[in-house]
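Peer 1: Generate the whole structure from the sequences, applying the supplied hints.
Single-letter residue listing:
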Amino acid sequence: MSSTSGSPSTPSPAVEARGDGSAPPSVRTEDLWKTYGEGETAVHAVQRVSITIERGEFVVLSGPSGSGKTTLVNLIGGLTDPSRGKVWVAGEEVGAMSERARARMRLEHIGFVFQAFNLLPVLSALENAEFPLMLRGVDRDTRRAAVRELFEEIGLGGLEDRRPGALSGGQQQRVAVARAVLGAPALVLADEPTANLDTSASDALLGVMELLNQERHVTFIFCTHDPFVMRRARRIIRLVDGHVERDAEKEPGDLPSWVLEPVGT
Amino acid sequence: MTERARVVVRIALRNVRRQARRSLLTASAMVLGIALLMFVRALEAGGHVMYVESAVRMGTGHVSLEHPEYAATRDLVDRIPAEYLELATEAISAATTPDELRAVFPRVTVGGLVQSASSSIPASVSGVDPAREAPISFLRESIVEGRFLEPGDRLEAIVGVGVAERLRVEPGSRLVLMAEDIEGEIESQLVLVTGIFRTGIPEVDRGVVQLPLETAREWLALGEDATSLSAVLTSDRRTGEIARDVRARLEREGVEPGAVAVRPWWEAMPDLHAGLQADTVQTYIMLLILLAIVALAVVNSVLMAVLNRTREFGVLRSLGLNRRSVGGMVIVEGSVLALLSGIAGMGLGLAVAFGVFRDGVDISFALGDGELAFAGAIVDPVIQPVLQTGDAIAIFLIVVAIGVLASLYPAWHATRIEPAEAMKTDD
Numbered sequence: 043m044s045s046t047s048g049s050p051s052t053p054s055p056a057v058e059a060r061g062d063g064s065a066p067p068s069v070r071t072e073d074l075w076k077t078y079g080e081g082e083t084a085v086h087a088v089q090r091v092s093i094t095i096e097r098g099e100f101v102v103l104s105g106p107s108g109s110g111k112t113t114l115v116n117l118i119g120g121l122t123d124p125s126r127g128k129v130w131v132a133g134e135e136v137g138a139m140s141e142r143a144r145a146r147m148r149l150e151h152i153g154f155v156f157q158a159f160n161l162l163p164v165l166s167a168l169e170n171a172e173f174p175l176m177l178r179g180v181d182r183d184t185r186r187a188a189v190r191e192l193f194e195e196i197g198l199g200g201l202e203d204r205r206p207g208a209l210s211g212g213q214q215q216r217v218a219v220a221r222a223v224l225g226a227p228a229l230v231l232a233d234e235p236t237a238n239l240d241t242s243a244s245d246a247l248l249g250v251m252e253l254l255n256q257e258r259h260v261t262f263i264f265c266t267h268d269p270f271v272m273r274r275a276r277r278i279i280r281l282v283d284g285h286v287e288r289d290a291e292k293e294p295g296d297l298p299s300w301v302l303e304p305v306g307t
Numbered sequence: 125m126t127e128r129a130r131v132v133v134r135i136a137l138r139n140v141r142r143q144a145r146r147s148l149l150t151a152s153a154m155v156l157g158i159a160l161l162m163f164v165r166a167l168e169a170g171g172h173v174m175y176v177e178s179a180v181r182m183g184t185g186h187v188s189l190e191h192p193e194y195a196a197t198r199d200l201v202d203r204i205p206a207e208y209l210e211l212a213t214e215a216i217s218a219a220t221t222p223d224e225l226r227a228v229f230p231r232v233t234v235g236g237l238v239q240s241a242s243s244s245i246p247a248s249v250s251g252v253d254p255a256r257e258a259p260i261s262f263l264r265e266s267i268v269e270g271r272f273l274e275p276g277d278r279l280e281a282i283v284g285v286g287v288a289e290r291l292r293v294e295p296g297s298r299l300v301l302m303a304e305d306i307e308g309e310i311e312s313q314l315v316l317v318t319g320i321f322r323t324g325i326p327e328v329d330r331g332v333v334q335l336p337l338e339t340a341r342e343w344l345a346l347g348e349d350a351t352s353l354s355a356v357l358t359s360d361r362r363t364g365e366i367a368r369d370v371r372a373r374l375e376r377e378g379v380e381p382g383a384v385a386v387r388p389w390w391e392a393m394p395d396l397h398a399g400l401q402a403d404t405v406q407t408y409i410m411l412l413i414l415l416a417i418v419a420l421a422v423v424n425s426v427l428m429a430v431l432n433r434t435r436e437f438g439v440l441r442s443l444g445l446n447r448r449s450v451g452g453m454v455i456v457e458g459s460v461l462a463l464l465s466g467i468a469g470m471g472l473g474l475a476v477a478f479g480v481f482r483d484g485v486d487i488s489f490a491l492g493d494g495e496l497a498f499a500g501a502i503v504d505p506v507i508q509p510v511l512q513t514g515d516a517i518a519i520f521l522i523v524v525a526i527g528v529l530a531s532l533y534p535a536w537h538a539t540r541i542e543p544a545e546a547m548k549t550d551d
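Protein chains in written order, with the working numbering: chain E, 43 to 307; chain V, 125 to 551.
One or more of the hints may lead you astray.
Computed far set for chain V versus chain E, every beta-carbon distance over 10 Å [to be verified]:
(1) Ala-195
(2) Thr-221
(3) Arg-226
(4) Phe-262
(5) Arg-264
(6) Met-428
(7) Leu-443
(8) Val-460
(9) Val-524
(10) Met-547
Just so you have them, the derived chain V footprint on chain E, three or more residues with Cβ under 8 Å [what the hints assert, rightly or not]:
(11) 134-146
(12) 168-177
(13) 191-205
Think about it this way: if two alpha-carbon atoms lie no more than 20 Å apart in a straight line, the pair counts; the simulated EDC-like pairs of lysine to aspartate or glutamate are [to be verified]:
(14) E:Lys-128 with V:Glu-542
(15) E:Lys-128 with E:Glu-141
(16) E:Lys-292 with E:Asp-73
(17) E:Lys-292 with E:Asp-268
(18) E:Lys-128 with E:Glu-194
(19) V:Lys-548 with E:Glu-252
(20) V:Lys-548 with E:Asp-123
(21) E:Lys-292 with E:Glu-303
(22) E:Lys-292 with E:Glu-252
Because the hints were derived from the structure by calculation, they are not lab data. Quick caveat, the model's predicted, so the values are computed rather than measured. Built from N, CA and C at the ideal position, the CB exists for glycine as well.
Peer 2: Here's what the structure looks like:
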């Protein structure tokens with residue numbers, strides 16, 4: 043586990059390999075920038091971000107609204123291109139991938155949980171959850187069994203056939219989480235996953251995620267303001283104005299005071 | 125089909141259903157467009173069948189045999205000798221089945237002068253065989269006074285209503301026909317008006333006289349020769365094929381193309397053919413405009429569907445669906461809409477053409493007096509729609525193709541959606 047700021051002088055290959063033969067980091071960014079607009083009106087949503095997140099980490103990106111958390115997650119997921127700098131996911135440079143390869147990477151290695159659920163309205167809860175598995179070509183019985191099992195665990199049993207419009211906000215978010223974690227991707231990017239959930243539902247969801255993290259070494263990166271999530275993280279990266287203000291490990295259960303401090307104090 | 129393709133198609137189909145109102149509105153535009161296309165084509169085809177039918181029954185036939193020069197010279201020197209007439213009749217019988225041959229008849233036609241006690245006018249005088257022509261003769265159906273020629277008639281003749289008016293004759297009146305015979309001598313023939321016809325074609329009503337074939341042959345010293353031999357068929361479907369077959373058979377019998385020209389009606393009546401083609405071109409232009417409207421309806425509907433679902437496409441992309449699959453989904457939506465509309469439109473078109481208007485469409489309100497002829501053919505004010513299977517299939521395929529093509533732009537637009545930007549949108 044490591045964190046750095048600034049530009050390293052080492053060359054940056056498209057595919058990373060480690061000398062000791064161990065797996066490459068889950069995520070690495072190198073002098074990452076995302077700028078909107080030009081000249082005097084340019085806004086740097088993300089700037090000078092160089093971080094490394096090893097496989098199996100449980101990380102929270104914190105920071106005030108507009109600090110660049112969602113943009114950073116989108117850059118890591120290849121949903122948007124950086125203005126400068128590079129991103130590697132599981133050792134492969136996202137910017138060097140073709141569009142098709144990037145889609146395949148998202149399908150096979152990354153699970154997304156969005157703040158606004160983003161379920162597909164024409165699919166049932168079960169179909170939404172199994173969607174990535176369908177795209178991967180997992181056979182129907184296998185994927186349905188996996189969905190039903192997870193649904194039971196996170197309190198969605200019996201709601202499989204409901205369309206998103208017939209589910210509460212909390213239920214929809216649980217379906218979205220199920221969609222992200224089913225098939226055990228190497229990395230889950232979750233943007234405010236608990237924003238619309240009550241405490242018990244949040245607890246259940248985080249429990250599932252922790253289990254996946256511990257048993258299958260799935261890497262979790264959360265964007266959140268929720269102290270409940272921050273408490274359970276083992277590392278917090280605080281962003282301010284698009285750059286990393288602080289990056290520190292912590293014990294699960296602790297909530298360092300600096301995490302909640304207003305900007306500039 | 126791969127699992128990915130199945131899920132893409134499933135989502136596309138559900139989206140068509142989910143946006144039922146929009147789908148229905150688009151489909152309605154397409155259904156009406158297709159139905160109109162079908163109906164207009166059926167009506168046009170019906171009109172053309174009618175024109176051709178009336179024109180060939182005026183005497184040209186579906187397949188017409190003449191000396192190659194006769195049409196230009198109208199000289200009896202350019203005639204068909206009796207032995208060729210016999211060979212040609214046999215060739216026509218051999219090239220057709222009994223079911224498809226309605227009549228084969230020779231004619232003698234000359235330009236001459238028709239004289240009554242009060243006046244004289246130029247006219248086209250034809251010797252016809254009443255027995256052979258009676259079943260198909262358009263003039264027989266057009267008799268308004270007296271009767272048509274009958275087997276056994278010798279000096280009887282029928283004249284157009286215009287001829288009768290200008291010469292002030294009526295059934296029972298005498299006329300003298302004058303024309304050059306085969307030797308170039310002016311010969312006269314006395315005839316009795318036995319019937320007056322009104323076809324609606326001005327040049328026929330004002331300038332045609334018919335008398336028995338044998339009387340004409342004697343008058344003009346033609347022996348058993350004739351100026352033309354015509355075959356009227358039950359359908360126009362095989363006209364070209366039969367004409368080629370007859371031509372080949374005559375050549376095998378030693379009849380040179382320089383002696384007898386075998387022509388399908390469109391070569392024998394180029395004016396009518398050109399008129400019908402011009403009519404078809406006009407119809408196609410109208411059809412193109414209709415198809416363009418249909419295409420715009422699909423583009424509009426599918427593009428709106430894409431724009432309204434920007435966020436959804438962003439989600440699909442972020443979940444790992446590649447651009448091609450996203451584009452494919454949009455094309456499936458447009459195609460399904462076009463396919464369903466195509467089927468419904470065909471059904472409606474057929475129902476309108478052959479249900480509501482099964483007794484024909486009366487266009488007499490649009491036809492004034494003296495406008496019942498078109499390029500020498502008769503226009504029946506009641507047009508019977510005719511289904512051209514090829515046309516129906518072509519219209520269906522074109523509309524479905526338009527559905528697919530019209531989805532291409534919205535599909536391209538959907539593939540350009542950037543996931544991160546798309547998920548910022550509210551929809």
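Peer 1: Which earlier hints can't be squared with this structure?
Peer 2: Those not satisfied are hints 7, 10, 13, 16, 18, 19.
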